[in-house]
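Trainee: Produce the entire structure from the sequences given, and follow the hints as far as they go.
The sequence shown begins at 0 in numbering that gives the first Met the number 0 and counts up by one.
Using 20 Å as the maximum straight-line C-alpha spacing, the simulated PhoX-like pairs for lysine-lysine come out as follows:
(1) K4 - K21
(2) K572 - K482
(3) K710 - K367
(4) K493 - K572
(5) K21 - K164
(6) K21 - K367
(7) K446 - K710
(8) K92 - K4
(9) K493 - K482
(10) K572 - K486
(11) K446 - K768
Hint data in this document are derived by calculation from the structure and do not stem from the laboratory.
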Amino acid sequence: MAHEKFDVGGMTCAACQAHVDKAVCSLNGVTDVSVNLLSGSMTVDYDETQLSADDICAAVDRAGYSAAPVASAAPGTATAGPGAAHHESPTKKLEATADAMKTRLIVSIVFLIPLFYIGMGHMLGWPLPSVFTDHIHAMTLALTMFVLLLPILYMNRAYFINGFKSLAHRAPTMDALIAIGAAASVAWSVYAMFVMADQLAYGDVHGAAATAMDNLYLESAGTILTLVTVGKYLETRSKSKTGSAIEALIDLAPKTACVVAADGSEQTVDVDAIQVGQTVRVRPGESVPVDGVVLEGTSAIDESALTGESIPQEKNPGDTVHAATINRTGSFTFRATRVGSDTSLAKIIQLVEDANATKAPISRLADKVAAVFVPAVLLIALVTFIVWMVLTGDVNEALTAGVAVVVISCPCALGLATPVAIMVGTGKGAEMGVLFKSAEALETLHKVDTVVLDKTGTVTQGRPAVTDILPAERADGRAMSEKQLLKLASALEKSSEHPLAEAIMAAADERGIVARPVADFAAVPGRGVTAREGANPIAAGNAQLMAELGIEIDRAQLEAFAREGKTPLFFAKNGELAGTIAVADEIKPTSPAAIEALGRLGVRAVMLTGDNRMTADAIARRVGLADVVADVMPADKERHVRDLQDAGHVVAMVGDGINDSPALARADVGLAIGAGADVAKEGADVVLMHSDLLDVARAIELSRAVIRNIKQDLFWALFYNSLGIPLAAGVLYPVLGWQLSPMFGAAAMSLSSVCVVSNALRLRGFRPKTTDMGN
Numbered sequence: 000m001a002h003e004k005f006d007v008g009g010m011t012c013a014a015c016q017a018h019v020d021k022a023v024c025s026l027n028g029v030t031d032v033s034v035n036l037l038s039g040s041m042t043v044d045y046d047e048t049q050l051s052a053d054d055i056c057a058a059v060d061r062a063g064y065s066a067a068p069v070a071s072a073a074p075g076t077a078t079a080g081p082g083a084a085h086h087e088s089p090t091k092k093l094e095a096t097a098d099a100m101k102t103r104l105i106v107s108i109v110f111l112i113p114l115f116y117i118g119m120g121h122m123l124g125w126p127l128p129s130v131f132t133d134h135i136h137a138m139t140l141a142l143t144m145f146v147l148l149l150p151i152l153y154m155n156r157a158y159f160i161n162g163f164k165s166l167a168h169r170a171p172t173m174d175a176l177i178a179i180g181a182a183a184s185v186a187w188s189v190y191a192m193f194v195m196a197d198q199l200a201y202g203d204v205h206g207a208a209a210t211a212m213d214n215l216y217l218e219s220a221g222t223i224l225t226l227v228t229v230g231k232y233l234e235t236r237s238k239s240k241t242g243s244a245i246e247a248l249i250d251l252a253p254k255t256a257c258v259v260a261a262d263g264s265e266q267t268v269d270v271d272a273i274q275v276g277q278t279v280r281v282r283p284g285e286s287v288p289v290d291g292v293v294l295e296g297t298s299a300i301d302e303s304a305l306t307g308e309s310i311p312q313e314k315n316p317g318d319t320v321h322a323a324t325i326n327r328t329g330s331f332t333f334r335a336t337r338v339g340s341d342t343s344l345a346k347i348i349q350l351v352e353d354a355n356a357t358k359a360p361i362s363r364l365a366d367k368v369a370a371v372f373v374p375a376v377l378l379i380a381l382v383t384f385i386v387w388m389v390l391t392g393d394v395n396e397a398l399t400a401g402v403a404v405v406v407i408s409c410p411c412a413l414g415l416a417t418p419v420a421i422m423v424g425t426g427k428g429a430e431m432g433v434l435f436k437s438a439e440a441l442e443t444l445h446k447v448d449t450v451v452l453d454k455t456g457t458v459t460q461g462r463p464a465v466t467d468i469l470p471a472e473r474a475d476g477r478a479m480s481e482k483q484l485l486k487l488a489s490a491l492e493k494s495s496e497h498p499l500a501e502a503i504m505a506a507a508d509e510r511g512i513v514a515r516p517v518a519d520f521a522a523v524p525g526r527g528v529t530a531r532e533g534a535n536p537i538a539a540g541n542a543q544l545m546a547e548l549g550i551e552i553d554r555a556q557l558e559a560f561a562r563e564g565k566t567p568l569f570f571a572k573n574g575e576l577a578g579t580i581a582v583a584d585e586i587k588p589t590s591p592a593a594i595e596a597l598g599r600l601g602v603r604a605v606m607l608t609g610d611n612r613m614t615a616d617a618i619a620r621r622v623g624l625a626d627v628v629a630d631v632m633p634a635d636k637e638r639h640v641r642d643l644q645d646a647g648h649v650v651a652m653v654g655d656g657i658n659d660s661p662a663l664a665r666a667d668v669g670l671a672i673g674a675g676a677d678v679a680k681e682g683a684d685v686v687l688m689h690s691d692l693l694d695v696a697r698a699i700e701l702s703r704a705v706i707r708n709i710k711q712d713l714f715w716a717l718f719y720n721s722l723g724i725p726l727a728a729g730v731l732y733p734v735l736g737w738q739l740s741p742m743f744g745a746a747a748m749s750l751s752s753v754c755v756v757s758n759a760l761r762l763r764g765f766r767p768k769t770t771d772m773g774n
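Mentor: See the structure below:
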């Protein structure tokens, strides 16, 4: 199966999106299609043995649009396509469209002002030159208005080209509604001008003037086209702001880099020209251009853009650096290991764009409505015209009502409601360090009522650390100091490979303690280690080793450590207990606040761990967890998630290890925490870059805000059309005498799309209630 992305041209509304979707879905071998109106793109999953990318493009062409595959190449090469530095900017693409629309709008307004003044001045009592008010100059008035309309028609010819093309393909779109409305007004006006010419030929000056007053709709046609263009311009300008988050990510990467040749010479090159294996130099204040491994030099790197860690990280030879991080202090060289689209930053950008390219399930309603919307509107307009003709016999009244129905209808608002909110939401998520891999994950997360948490690396730090240093009182009443006990401990644990030994050595390093050498070092499997320091026998281990050596320990303290989920290491010297050092996997500082935040959101938190019940309960008490499942084998985590789903819960699984992958895949939404550079975690639907459990609550809040926004937009779009179309058709005319002018219909139609986009843009100011928790 192939998964390919295409650029699609010619789409202007939700109906266009539905037609492209239908055309591609009809091909044998296509398994999934996702068309994005906002970005003008399409992703297709298809069987390469049954059809090719050219076949897909041909199907789109037959539907009246254009499509071309988005170029890509193998990752890890200099020709890997654009990396983060030169990634295509959705913002700039939309800004270019808006600039072109602005030119159309300016020209249209320049000619509409005199056209509208001349056409409506006599009705509104505005002062006009006598040449436009005398009966004998009726044709002069008509021709002047027609000449002023021609530039507006020319500048907005795309509506007619695209609209009538869609009618020819029997797939009418929004442009078809605009084209029919404007063309009907112009056609009837031209017909009226011929009638006026005939009347003037027979000397009926007053008749020609009356025809001009009642049958010229040239200013209506110009106003319709101009107002629609106003709406399109405002809509496009607003849409350009939805990609600002991706734009910010793209701008993080430098455009050039300093490559060091084998002879030591340096050359500044385009960042996309860097090859894997090349040596790159980064000076203070510069950004790292690609991912790599430090060769020479040391520095402090600001990685906040990728990981959210505000404190610069010290980098030494052998350490990894990532594109878009900032070198704060020393100069260093590194070997490029990931370039182009293979860098961490490029993957993050790709994740955000992929999420925008997918469809949320909630969008299916809009798609179904849009598929039949335009044909239904045209039918309603035809029925409206016929009814008005039957009831009044007045062509002008019937034409006014029919055109008003056509121009007030707005499928654009329906089509924009979901993709605009999804794009702003996923962009906002990226700013927060929450990467959604699909729109479906963003939507599903708002329904989650149960969050299953892995313990190690999720609730806790994932690495043991010293928590207590307790020197023991000897028989003579004296005791070691904490530093002396750590010196003894480091001497014993220096040669040990046990994870708890690493915690002891880390604590010793923090205090500047250098481990002394020992002799006769021996490991006692399952119990500890023994050695000799000079003439003094020393030992470190658990209670069982101490018992074997005949050394008494404080049993009450041992039980207290067990209740707190800590592992005690006992140290002995010359047959006496020297002291106890407790080690534990410390909880993350924000874990208690995260559990509290989930509770406030009405979400139940459950911790799954392979640890024993006592340790698990100790961690749960410290973070405020009520539901704990202990002694769980890695292979059983997926079963526990499935059991919760079978009980009717919508489950999110949060984990950080490979052993969590089956559970992450089984859950309704899988969240990978602590991703660091590995942003494309397999099995996860959402990647939490900051390694912060609070981001789970923040992601749920964001999901709820986005879905609430989409529902608001869909409601108002449907409400607008259900109210506007009957009003334009004149349903209220017999009761209230209201009949909507086509010009007001065009203004209302344009305003509806702008309102939908503007409402979605409010998500840019989203601030989760959990923002300040845990700080």
